[in-house]
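Colleague: Each protein sequence line maps, in turn, to chains H and U.
Read in our numbering, the first sequence has 35 at position 35, and its numbers run on one by one without any break.
Read in our numbering, the second sequence has 33 at position 33, and its numbers run on one by one without any break.
One or more hints might be untrue.
To be verified - In silico DSSO-like pairs for lysine-lysine, Cα to Cα no more than 30 Å straight-line:
{"id": "1", "chain 1": "U", "residue 1": "K52", "chain 2": "U", "residue 2": "K28"}
{"id": "2", "chain 1": "U", "residue 1": "K113", "chain 2": "H", "residue 2": "K29"}
{"id": "3", "chain 1": "H", "residue 1": "K89", "chain 2": "U", "residue 2": "K78"}
{"id": "4", "chain 1": "U", "residue 1": "K49", "chain 2": "H", "residue 2": "K89"}
{"id": "5", "chain 1": "U", "residue 1": "K141", "chain 2": "U", "residue 2": "K128"}
{"id": "6", "chain 1": "U", "residue 1": "K62", "chain 2": "H", "residue 2": "K25"}
{"id": "7", "chain 1": "U", "residue 1": "K51", "chain 2": "U", "residue 2": "K62"}
{"id": "8", "chain 1": "U", "residue 1": "K40", "chain 2": "H", "residue 2": "K89"}
{"id": "9", "chain 1": "U", "residue 1": "K78", "chain 2": "H", "residue 2": "K29"}
{"id": "10", "chain 1": "U", "residue 1": "K147", "chain 2": "U", "residue 2": "K78"}
{"id": "11", "chain 1": "U", "residue 1": "K62", "chain 2": "U", "residue 2": "K113"}
Worth flagging that the hints you see were computed from the coordinates, not collected in a lab.
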Amino acid sequence: MKRILLCLSSVAFSGCTTMVVPVVKEAQKCEMPAGMLAACGDLAAIKQGITFGEMIDVSSRDRDSLNACALRHKSLADAIAACNAGIEKYNAEIREMNARNAANR
Amino acid sequence: MLNNLRLILAGAAAAAMFGGGYMFGARKVDALEAQIRAIKSASDDTEAKRKKSQEDISKMLKDKDAEYAKQAQQLRAKADQRAKDLAAALAGANSRIESLQAQVSGLDARRAKLAADRDAAPTAAERKKFQDQIDAVDQEKKTLMTKVDANACLALAVPEAVIGPQVQRR
């Protein structure tokens, strides 16, 4: 009797298989290039007794530094906007897929 | 004999119960398995889309970085050229002053000759003609001297009262 029950049990349990349950995936990453994340350059130093000629040089260097910083800022802003657009495109696809699945139920 | 019959009957009953129960339960399990398969398929689809999207984003960022690097390089090259031009212009102040002063000396000599001509002129009309020329030379000299002063100013220290607050700023 016990042997028969054991046999039936083993047959019954053999029907139990596992199925991989989908897990939540990581979100999209927007890893900005390191060059775009650099801080703006320091102001050029103004020494005591600076001449008018040297002051023009200081002003010129600060202008160049500002130009470089403005370019970096603009590039970073462009990259973030483009990245957000990429994520939004992906999200729109997911929304569309969810809507399709909901309609099929 | 009776024991064997009971054993067979019990076995048959157990088999029948197992088979019946399995068939009854399988109806729901089939539906659940189909649902899980659908979920897994949707998940795989989503994962494929996520990977593609991430690849697109990474490529876009790489392109943006390359574009930025190119523009930054152009900006640096222009800045370097401007710095060289400015250094040359600042270093050339003394030679510009010398050249301007030579022109001023020429104007002084011309003015002295015109003044002598004016003083020697016999009529008032001629004296006025020479005086007009002297006035024009004086105006030209004033313009030259302004340029001399501007070039000479480059070597002068900015007054402390003006530059002091800027020296502290960082």
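Colleague: Run every hint past the structure and note whether it holds.
Modeller: Here is what the structure says about each hint:
no. : hint               : verdict
1   : U:K52 with U:K28   : violated (36 Å)
2   : U:K113 with H:K29  : violated (83 Å)
3   : H:K89 with U:K78   : violated (38 Å)
4   : U:K49 with H:K89   : holds (10 Å)
5   : U:K141 with U:K128 : holds (20 Å)
6   : U:K62 with H:K25   : holds (23 Å)
7   : U:K51 with U:K62   : holds (16 Å)
8   : U:K40 with H:K89   : holds (22 Å)
9   : U:K78 with H:K29   : violated (35 Å)
10  : U:K147 with U:K78  : holds (28 Å)
11  : U:K62 with U:K113  : violated (74 Å)
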